[in-house]
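**Student:** Read off the chains here:
Protein chains: 2
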Amino acid sequence: MAQDLVIGIDVGGQTTKCGVVDARGTVLAQTVIRSDETTDAEVFIASLAEALNHIIAEAGVEGRIRGIGVGAPNGNYYTGTIEFAPNLKWTLAGSKIIPFAKMLSAQMNGIPVSLTNDANAAAVGEMTYGAARGMKNFIMITLGTGVGSGIIINGEVVYGHDGFAGELGHTCAVRHNGRACGCGKSGCLEAYCSAIGVARTAREWLEMTDEPSELRSLDKITSKDVYEAAKDGDKLALKIFEYTGRILGEKLADFIEFSAPEAIVLFGGLARSKEFLTEPILTAMNANVLPLWRDKVKLVYSSLKESDAAILGASALAWEL
Amino acid sequence: MAQDLVIGIDVGGQTTKCGVVDARGTVLAQTVIRSDETTDAEVFIASLAEALNHIIAEAGVEGRIRGIGVGAPNGNYYTGTIEFAPNLKWTLAGSKIIPFAKMLSAQMNGIPVSLTNDANAAAVGEMTYGAARGMKNFIMITLGTGVGSGIIINGEVVYGHDGFAGELGHTCAVRHNGRACGCGKSGCLEAYCSAIGVARTAREWLEMTDEPSELRSLDKITSKDVYEAAKDGDKLALKIFEYTGRILGEKLADFIEFSAPEAIVLFGGLARSKEFLTEPILTAMNANVLPLWRDKVKLVYSSLKESDAAILGASALAWEL
Numbered sequence: 159m160a161q162d163l164v165i166g167i168d169v170g171g172q173t174t175k176c177g178v179v180d181a182r183g184t185v186l187a188q189t190v191i192r193s194d195e196t197t198d199a200e201v202f203i204a205s206l207a208e209a210l211n212h213i214i215a216e217a218g219v220e221g222r223i224r225g226i227g228v229g230a231p232n233g234n235y236y237t238g239t240i241e242f243a244p245n246l247k248w249t250l251a252g253s254k255i256i257p258f259a260k261m262l263s264a265q266m267n268g269i270p271v272s273l274t275n276d277a278n279a280a281a282v283g284e285m286t287y288g289a290a291r292g293m294k295n296f297i298m299i300t301l302g303t304g305v306g307s308g309i310i311i312n313g314e315v316v317y318g319h320d321g322f323a324g325e326l327g328h329t330c331a332v333r334h335n336g337r338a339c340g341c342g343k344s345g346c347l348e349a350y351c352s353a354i355g356v357a358r359t360a361r362e363w364l365e366m367t368d369e370p371s372e373l374r375s376l377d378k379i380t381s382k383d384v385y386e387a388a389k390d391g392d393k394l395a396l397k398i399f400e401y402t403g404r405i406l407g408e409k410l411a412d413f414i415e416f417s418a419p420e421a422i423v424l425f426g427g428l429a430r431s432k433e434f435l436t437e438p439i440l441t442a443m444n445a446n447v448l449p450l451w452r453d454k455v456k457l458v459y460s461s462l463k464e465s466d467a468a469i470l471g472a473s474a475l476a477w478e479l
Numbered sequence: 159m160a161q162d163l164v165i166g167i168d169v170g171g172q173t174t175k176c177g178v179v180d181a182r183g184t185v186l187a188q189t190v191i192r193s194d195e196t197t198d199a200e201v202f203i204a205s206l207a208e209a210l211n212h213i214i215a216e217a218g219v220e221g222r223i224r225g226i227g228v229g230a231p232n233g234n235y236y237t238g239t240i241e242f243a244p245n246l247k248w249t250l251a252g253s254k255i256i257p258f259a260k261m262l263s264a265q266m267n268g269i270p271v272s273l274t275n276d277a278n279a280a281a282v283g284e285m286t287y288g289a290a291r292g293m294k295n296f297i298m299i300t301l302g303t304g305v306g307s308g309i310i311i312n313g314e315v316v317y318g319h320d321g322f323a324g325e326l327g328h329t330c331a332v333r334h335n336g337r338a339c340g341c342g343k344s345g346c347l348e349a350y351c352s353a354i355g356v357a358r359t360a361r362e363w364l365e366m367t368d369e370p371s372e373l374r375s376l377d378k379i380t381s382k383d384v385y386e387a388a389k390d391g392d393k394l395a396l397k398i399f400e401y402t403g404r405i406l407g408e409k410l411a412d413f414i415e416f417s418a419p420e421a422i423v424l425f426g427g428l429a430r431s432k433e434f435l436t437e438p439i440l441t442a443m444n445a446n447v448l449p450l451w452r453d454k455v456k457l458v459y460s461s462l463k464e465s466d467a468a469i470l471g472a473s474a475l476a477w478e479l
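Chains as they are written, first to last, in this note's numbering: chain A, 159 to 479; chain B, 159 to 479.
Calculated directly from the structure, the hints in this document are not laboratory data.
Careful, some of the hints might be misleading.
Which copy is meant is left open, because identical chains are indistinguishable; a pair holds if it fits in one copy or across any two.
Said to hold, decoys possible - Keeping only pairs whose Cα atoms sit at most 25 Å apart, straight-line, the calculated BS3-like set for lysine-lysine is: (1) 463 x 432; (2) 254 x 343; (3) 463 x 378; (4) 254 x 454; (5) 343 x 456; (6) 432 x 454; (7) 454 x 343; (8) 389 x 432; (9) 397 x 294.
None of these values were measured; they are calculated from a predicted model.
Please build the complete structure, drawing on both the sequences and the hints.
**Tutor:** As structure tokens, this is what we get:
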């Protein structure tokens, strides 16, 4: 039988999702395993291979897997390694550089494995199955716990000289006295426009002002709480989204001046707050970009089914193998 | 005889330089014509064709021209047009969109013509003949009257969706109360790190402080005056270069996070002040970039002979035709 299917694997700090996918982007079978039950990369990859063989059997598609695509934090496309990922605990002979693609391929009877970081995988997924179908130049921004990015130029992911290009979440949004970021720098876009950044803005503003807000009654504030409050018309919550959107829009203008994309594609948990983010993003983006791009670059949201998106994104990589 | 030569044309607001170039980057014959003696694009292109035929005859290389490369402000690679270039006065039937490549090719018996903006041409020149030979991923920054840029990813110029990508001079260097830029925005990198920006820093600082400086004796200050003063050990002039280098280095960190280049290549009149710029640029760049790129991205200066660089850059485009 033809090798007409691929596997997509989304590696996260707590769980790893995998699924068998056909050319139309239908997930035929999927499963989830824990990422954090072992610190031994070999043990993890053996259990991942077992899970893959299980879903292949479940879907009855033995022999039809053409390739495996993996999206992983700090994944390097050129080398197939995961290098020093802060939220993954695996080591291999004491090293935090894991030759993940090679190890997985060996466990899967030589099926080729392609690996990249999760945001790049999401961008390829969007181009193959989603909102960016037919686009050759776009920038995907993932607004999740952090801010990731995948840059597509001429229909290809930008990997750069070393395989790590596209760290737009760590470009500078606030130059002076910016917030400390998890990366060790300060003022990074991620420190403001991620789910964690939004929650932090809320906490800071609640402390700094006396403005009434339903958020004051909460013990621990998440970006979802801010979203719910904004839906209730809470003024402080609405202002938080305005601020978040403005900072993101200002940086998007810089990115447009770099690669002149057809569109910016937003994805991730925080992108669900689009009813409050779209306007401030567009206003700031268009106010800060050169006149030649004003009101010309589209802002679109991921169209992939949320539960499948991570697997689809990673699987899309495998079609290029 | 084989078509083994190309022509490079560098279109500027006042003069247009052109030359016949061989595969090694030797300029066999060259000439300069005025750009500003007519506002009629057809008249200009006819006189340009005449000049080209003259240097072809002078070098005795009739029939050997394989293609013509043009670097021009606001040049669009995809369409071969020059669109709304502020410092070029030509119109065609009342329009500021000039189909330059097509018109020139028609005047030159159908020799193919490739056109892009001047900074992109400089980047291709550097990759073909200069400091970036062998590099597949680098960013060229031209520090002249303005700040231009040419971005190379996987060995190719980034043109973007519309052909105008790579306007790094107009990314935001100073977010709040930034200087007005010629483009209509404020706070642009170009407003600080161009020759004009350096002169402006000098004027502002002389006015704002009482600091002694040999620059105080001058009527009109240029970036060259600031350079001369710095060479004399003038403290204010040295501080101006430190400030200029820091602002540039901060933005270079953002650019590195975008495309992970092997090197940043600096070019243009202001780049001649490298003895005062290199250290502050590198310090700011490495302080602002993610740890994974710290001290890893090279900062190099153009190695092309100044007088030939513009022609060589444009000519390099023609080899790709």
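**Student:** Give a verdict on every hint.
**Tutor:** We went through each hint and held it up to the structure:
no.: 1; hint: 463 x 432; result: within (16 Å within a copy, 52 Å between copies)
no.: 2; hint: 254 x 343; result: within (22 Å within a copy, 45 Å between copies)
no.: 3; hint: 463 x 378; result: neither (29 Å within a copy, 63 Å between copies)
no.: 4; hint: 254 x 454; result: between (43 Å within a copy, 20 Å between copies)
no.: 5; hint: 343 x 456; result: between (30 Å within a copy, 21 Å between copies)
no.: 6; hint: 432 x 454; result: within (19 Å within a copy, 38 Å between copies)
no.: 7; hint: 454 x 343; result: between (33 Å within a copy, 17 Å between copies)
no.: 8; hint: 389 x 432; result: within (12 Å within a copy, 54 Å between copies)
no.: 9; hint: 397 x 294; result: neither (35 Å within a copy, 44 Å between copies)
Hint check: violations occur at hints 3 and 9; the rest are consistent with the structure.
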